[in-house]
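Which chain is which? The protein sequence lines are A and B, in order. Sequential numbering of the first sequence, starting at 1, is according to the working numbering. Sequential numbering of the second sequence, starting at 1, is according to the working numbering.
No lab work stands behind these hints: they were computed from the structure. Careful, some of the hints might be misleading.
[Stated by the list, open to error] No more than 30 Å apart at the CA atoms, straight line, and that leaves these computed lysine-lysine pairs for DSSO-like:
id	chain 1	residue 1	chain 2	residue 2
1	B	K110	B	K56
2	A	K19	B	K5
3	A	K22	B	K54
4	B	K56	A	K22
5	A	K19	A	K40
6	B	K102	A	K22
7	A	K41	B	K71
8	A	K41	B	K5
9	B	K56	A	K41
10	A	K22	B	K107
11	B	K107	B	K68
12	B	K68	B	K5
13	A	K40	A	K18
14	B	K56	B	K107
15	B	K68	A	K22
16	B	K102	B	K56
17	B	K5	B	K102
18	A	K19	B	K102
19	B	K71	A	K22
20	A	K41	B	K110
21	A	K40	A	K22
22	B	K5	A	K18
23	B	K68	B	K102
24	B	K56	A	K40
25	B	K54	B	K5
26	A	K40	B	K102
27	A	K19	B	K56
28	B	K68	A	K19
29	B	K107	A	K40
30	B	K107	A	K41
31	A	K22	A	K41
32	A	K41	B	K102
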Amino acid sequence: ETGVTQTPRHLVMGMTNKKSLKCEQHLGHNAMYWYKQSAKKPLELMFVYSLEERVENNSVPSRFSPECPNSSHLFLHLHTLQPEDSALYLCASSQDGQGGIYEQFFGPGTRLTVL
Amino acid sequence: DQQVKQNSPSLSVQEGRISILNCDYTNSMFDYFLWYKKYPAEGPTFLISISSIKDKNEDGRFTVFLNKSAKHLSLHIVPSQPGDSAVYFCAAIPPFKGGSEKLVFGKGMKLTVNP
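Work the whole structure out from these sequences, hints included.
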């Protein structure tokens, strides 16, 4: 596998369910990101991990809980979500701290539907 | 408040003609700009970037122009091809602060290139 992979690609869950989204990057990067893409809205940055430490949490509700066990893996744990949380969740990675290297590589996303 | 704006939600052009995608920003501290292209069911892919010290960057059929005084950038695609049909996101990044590069995205604009 190359690049950034995400599983599952599609997820339907009820509001009382607990599920997790998984992201894996095979690029040797040291920073990983979760974004949310809702219809007709800009991509929203949710969380940033640099060197496995969370460096950004953009006022995301606590029903979203990220986990970064190592520099290659990133999880987003979901609990008691709301229908308005239905969106495309994108993972990205980058090589941090190199100055001038700003490109982020994105995974294909997980399409989440909350019933 | 939206810091990166793509005010036109869609654009339709004929194959072989020029496509011009526009982007405006409000934060004068942004010093690096990127364009991403996104096909349905895929994550955004990096297309081209420009630093604030330049006013033009060209890569094949793609050219990005930056007008700092107007806080405006544009992506030119010439000649346009049907395979260019996608959603295009403009993104900006503030000065490097030793942490992870945080991209601020516009809402995206759907380009359709008709054969």
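Hints and how they fare:
no., hint, result
1, B:K110 - B:K56, "23 Å, holds"
2, A:K19 - B:K5, "34 Å, violated"
3, A:K22 - B:K54, "38 Å, violated"
4, B:K56 - A:K22, "38 Å, violated"
5, A:K19 - A:K40, "26 Å, holds"
6, B:K102 - A:K22, "21 Å, holds"
7, A:K41 - B:K71, "21 Å, holds"
8, A:K41 - B:K5, "11 Å, holds"
9, B:K56 - A:K41, "28 Å, holds"
10, A:K22 - B:K107, "25 Å, holds"
11, B:K107 - B:K68, "20 Å, holds"
12, B:K68 - B:K5, "15 Å, holds"
13, A:K40 - A:K18, "27 Å, holds"
14, B:K56 - B:K107, "23 Å, holds"
15, B:K68 - A:K22, "39 Å, violated"
16, B:K102 - B:K56, "23 Å, holds"
17, B:K5 - B:K102, "16 Å, holds"
18, A:K19 - B:K102, "27 Å, holds"
19, B:K71 - A:K22, "37 Å, violated"
20, A:K41 - B:K110, "13 Å, holds"
21, A:K40 - A:K22, "25 Å, holds"
22, B:K5 - A:K18, "35 Å, violated"
23, B:K68 - B:K102, "20 Å, holds"
24, B:K56 - A:K40, "29 Å, holds"
25, B:K54 - B:K5, "20 Å, holds"
26, A:K40 - B:K102, "21 Å, holds"
27, A:K19 - B:K56, "45 Å, violated"
28, B:K68 - A:K19, "45 Å, violated"
29, B:K107 - A:K40, "6 Å, holds"
30, B:K107 - A:K41, "5 Å, holds"
31, A:K22 - A:K41, "23 Å, holds"
32, A:K41 - B:K102, "17 Å, holds"
Figure legend: structure checked against the earlier numbered hints; hints not met, in rising order: 2, 3, 4, 15, 19, 22, 27, 28.
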